[in-house]
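Following the hints, put chain B in place on chain A, whose structure we already have.
Protein chains: 2
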Amino acid sequence: VQVSIVCFDGFTDVDVFLLWDLLNRVQFPDWKVQLVGENDEHVSSTGLRIPMHARLAAVGTAKAVLFASGRGTRVKMNDATFLGALRLDERNQMIGSMCSGALLLAALGLLQGRTATTYPTAKAALERFGVEVVERSFVSHGNIATAAGCLAAQQLAGWVIERLAGREERQFVLQSIQPIGEGLRFDSDPRAFR
Amino acid sequence: VQVSIVCFDGFTDVDVFLLWDLLNRVQFPDWKVQLVGENDEHVSSTGLRIPMHARLAAVGTAKAVLFASGRGTRVKMNDATFLGALRLDERNQMIGSMCSGALLLAALGLLQGRTATTYPTAKAALERFGVEVVERSFVSHGNIATAAGCLAAQQLAGWVIERLAGREERQFVLQSIQPIGEGLRFDSDPRAFR
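Taken in sequence, the protein lines are chains A and B.
Everything in the first sequence is counted per our numbering, starting at 1 for the first residue and increasing by one.
Everything in the second sequence is counted per our numbering, starting at 1001 for the first residue and increasing by one.
Treat each hint with caution, since some may be false.
What the hints assert, rightly or not - Only part of the chain B face toward chain A is listed, based on derived beta-carbon distances under 7 Å:
(1) Val1014
(2) Phe1017
(3) Leu1018
(4) Asn1024
(5) Thr1046
(6) Pro1051
(7) Pro1120
(8) Thr1121
(9) Leu1151
(10) Ala1152
(11) Pro1179
(12) Phe1193
Rather than coming from a laboratory, the hints here were simulated on the basis of the structure.
The C-beta atom is built at its ideal place from N, Cα and C for all residues, glycine as well.
So that you can see chain A by itself, here it is in the shape it has in the complex (with noise of 0.2 Å):
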């Protein structure tokens, strides 16, 4: 089971890494999380040079495609090279987006017809292409879904989760990460210390 992360440069840090950090918590016969970009490293808008694990066609081969954000997303909303190297089949893959990202699903003609989310910075943007956006955390239309405000990365790897691995998976990874004393305590069960 391969998900991968579509990067580029210019992408948010934490809307990658908390979906890559939330993935790679799975415990999972086979399961694997890439990085794919269209070059060997991006550089995030902080300024960050991640290596990449693969690039854009291994999205051929994924499970989930799950696309950054970040303003990248602004250049790269008008790439068709970019864009056509992403053969996706919303049929048979789970597609989704944080903030931003959620503009590159417009582009590629994912969103046509449906409610999306998005950061408020890209909502006249994605307005743009047509797609009504609401004001949610998470939107979800069979196998396509947008996420948006940093956070509610959990709610995007926690669809994916449940839907690859289990609901039981998903519970215990994103019990994971909670704070102390709040959504983890000592005296949890220790399948939740990941």
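Structure of chain B alone, referenced to chain A:
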């Protein structure tokens, strides 16, 4: 104003990157955040190879020094060279830790006679340092703070931001990553859109 995040091999991804992203959202004159470590690069627990901005000695000029967590802490808490390179002064610097990073504060003698929090899997090891471990997401004593449970990075970053950049800045930074429709809304103060 320089803030250092201390990394090492085997650091927990989200604990570093959530702090890193939040601290980089601060808009304050000459505000600078850096990842520091013994090497040019360090490898996270999930295998990401991350370039450092400076070596450990750079903590000497930081206003705040925050310690990463992860299985690497069990190695580093016994590494005299590593610990000796960290010249810290709690009278003039804020010093904090995420999750099992508290083991490093303890190894540096910074938690003597103080309560602290840590990740459940590090509780027994922290108690062996003679520290009273309390089940809370954030514990501070003057310039020393421990936070635990990954999402408590918000409290640790918030503690640093409020003291060094002001309460209003803390509010806008923390609001900027909340889920849409919950802590962040399309009509929120635009200063919260970062």
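To see whether the hints hold, each was checked on the structure:
Proximity of valine 1014(B) to chain A holds as hinted, the smallest CB-CB distance being about 4 Å (cut-off 7 Å). Look at phenylalanine 1017(B): its Cβ gets to within about 4 Å of chain A, closer than 7 Å, so that hint holds up. Interface restraint check: leucine 1018(B) against chain A, minimum CB-CB distance 6 Å, threshold 7 Å, status holds. Hint status for asparagine 1024(B): holds, given a least beta-carbon distance of 4 Å to chain A, under 7 Å.
Hint on threonine 1046(B) holds. Least Cβ distance to chain A is approximately 4 Å, under the 7 Å limit. The interface hint given for proline 1051(B) is met, as the beta carbon of that residue sits about 6 Å from the closest beta carbon of chain A, less than 7 Å. Hint on proline 1120(B) holds. Least Cβ distance to chain A is approximately 5 Å, under the 7 Å limit. The interface hint given for threonine 1121(B) holds, since its Cβ lies 5 Å from the closest Cβ of chain A, which is under the 7 Å cut-off.
Here the hint on leucine 1151(B) is kept, as its CB sits about 5 Å from the closest CB of chain A, short of 7 Å. Using the Cβ-Cβ criterion of 7 Å, the hint placing alanine 1152(B) at the interface with chain A is satisfied: the shortest such distance is roughly 4 Å. With a least beta-carbon distance of about 3 Å to chain A, the hint placing proline 1179(B) at the interface is held under the 7 Å criterion. At its closest, the beta carbon of phenylalanine 1193(B) sits 5 Å from a beta carbon of chain A; the interface hint therefore holds under the 7 Å criterion.
Consistency note: the structure conflicts with none of the earlier hints.
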